[in-house]
Amino acid sequence: MRSPLFARLALGLFAIYLAASISHAAYDTVRNGRLAYILRGEKPVEERARCYGPGYTEQIEAIRRTIPPDGAYILLNSNPGEEGGPLWVKFDLAPRRAVYLGNLEDVGSVERLKRRMPRAARWVVIAHGPYRPPVLIERYKFVQAREKKKGA
Amino acid sequence: MRELLASAGGVALFLIPGLALAGLFPGLRETPWLRRLGYAFLLGVATLAGSLYALSALLEVPLRRPAIFGTAAALTAIGIAGWVRALGRKERRARRSLRTLPAPALVLALAGIGVTAGVFADSLVYPLRDWDGRMHWSAQARYIRHEGSVLPLAVVRGQWFINHPRYPVLMPVAQVAVLEATGAAEDELFFRSLYAAFFPALLLVVYDGARRWAGWLPAGLAVAAASGIPFLTFFPDGGAASSYSDLPLGCFFGAGLALLLRGKVRPSDGIAAGLLLGAAVLTKNEGTILAGFALLAAVLIPGLRWWKTRKLPRRLLLKGARVCAAASVMIAALSFFLYWRFQIPNRQDENYEEFVTAEHLFPDALTRIPEFGSQILVQTFLTWDRWIGFWWVALLVLVAGRAILKGRRAALSWPILLGFAAPLAIAWGAYTVHWNPAELVRVTWERFLVQGSLPFFLLLALALREALATGWPGYSKGTKHPPSGKGQSVSATT
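From first to last, the protein sequence lines are chains A and X.
So the first sequence is numbered by my numbering: it starts at 3 and just counts up by one.
So the second sequence is numbered by my numbering: it starts at 1419 and just counts up by one.
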């Protein structure tokens, strides 16, 4: 059965949806357009600092200067509740290759850690969670610190 | 200004070869120019990125400027040859002027254009903020760009940390093409506009299909409805403003399906559809299944007719030839993808191939629905910030226009419905075998809806037309074709 009343009701609600959704989209469009005008000429590093935070961006820049683009590093996560942290660091440091050893607290014994660290990776990067500045440590210093911790 | 020009250049890199290549296919040549832009952009990404992907994997051609511009120029030249041949034959082409569009259609079109501008502006204002883009797609692009190869060391050697290393990389290759062509520095993400361009491409293909099958008003309304959905536009985890591959996949799959369902049957259009479906295969893992569904949808009604009558009239043969042409290109893309993939050791991946077995699927496909069904309903109907109640009104319109599933319109509506159901069927399978389906629903369900969005908006346009004709019987008098299709076959409306 085709009901004209039901069809009109459906189309009426559809019209309300269009009004609401297009206004919402128009608001976003105007906001983005305004931002694009205000922020014209902004450099990529400034854009990233605005969105990710200056501390995080500066630290990523410092790590990029230390590890060459064809270099490799060991990635650890100090914040097990946050999966995003190491992923964003890995993206921001690409094409530098990463070996992910998981959570810092789960790396295990120093011997096991040494076995899992590839020779090509001279640095260790510890991610502390999304947009918190990662820490860069030289590999041998990281191993020494773990040995000291074990000794203590 | 440099960012604006480079972003526009990134889109033009694909649009120009695509516009030229449209000249090879009579169905696209005859499509009015504005609507052709959508197919042309998709065809450009499919062929240019697809060719670079194959050249790098098969012949180890470095993905640098000479290869990128050379391939784009070669594709453009091939396409121009098609146009020249068509001009030589004095082929008649449809000429449509914007001035002939009714005022309400222009208003609805302006809504789409306005939102498109907002999405482009988003790509200029923000760096990447999305999850999958940074976890996988754009990270892959950085490794590929660094070595100029689709098989970089970081991917082919199993020790390096790569999420989903065996996912197809058509979109990362497209990113690399834009970055190399524009000489972008490390953090200049000029490829963002490429992703944003998939949104107007979606709108144009929806408008083209809906205009053919439902008329200008339902087509305009469907486009306006799509323009207002945040999840398709500004949402940073899956919309056109992100670098997720779901919208590109939805466009390739939906546009391929729309070409295969066109009423005027030309086997050569099957090749264009095959190129788009091949791109779907090379965009995401589920693209292969979606492309298979598109072929199935295209043979559904002709197959049923043949089964009933056991006769093979010429038109049915032509439809079969069109699907075969599409299937052959798609199979070539799939073979290439498998060749590329076998060179990459798997890690950091769900590895669904191992889970999807008959014993995992049955009876779990039914018994596990309570584990994820409620989460699906919540995310579909109760996420105002992402859909603004779209699915409520869409459901009502579909119920009001349900007559499209009967009579002559059924020959078109059922295949389109099958197209929309395809990604949902994949989702159902994935949730059935996954160890934590509720969590998987939370992060993937709406993206499956995006993958099926193009067929859904076509279906919505058909239902809108039916609802308009039911609610206002005078409406059908003002349209070219009767709403129920009585006395008018679907093919004649295309």
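Misleading hints may appear alongside valid ones.
Unchecked claim - Derived lysine to aspartate or glutamate pairs resembling EDC-like cross-links, with alpha carbons at most 16 Å apart: (1) K116/A / E84/A; (2) K45/A / E1604/X; (3) K45/A / E1857/X; (4) K45/A / D1605/X.
These aren't lab readings, by the way, just hints derived from the structure by calculation.
Results of checking the hints against the structure:
no.	hint	result
1	K116/A / E84/A	25 Å, violated
2	K45/A / E1604/X	12 Å, holds
3	K45/A / E1857/X	37 Å, violated
4	K45/A / D1605/X	9 Å, holds
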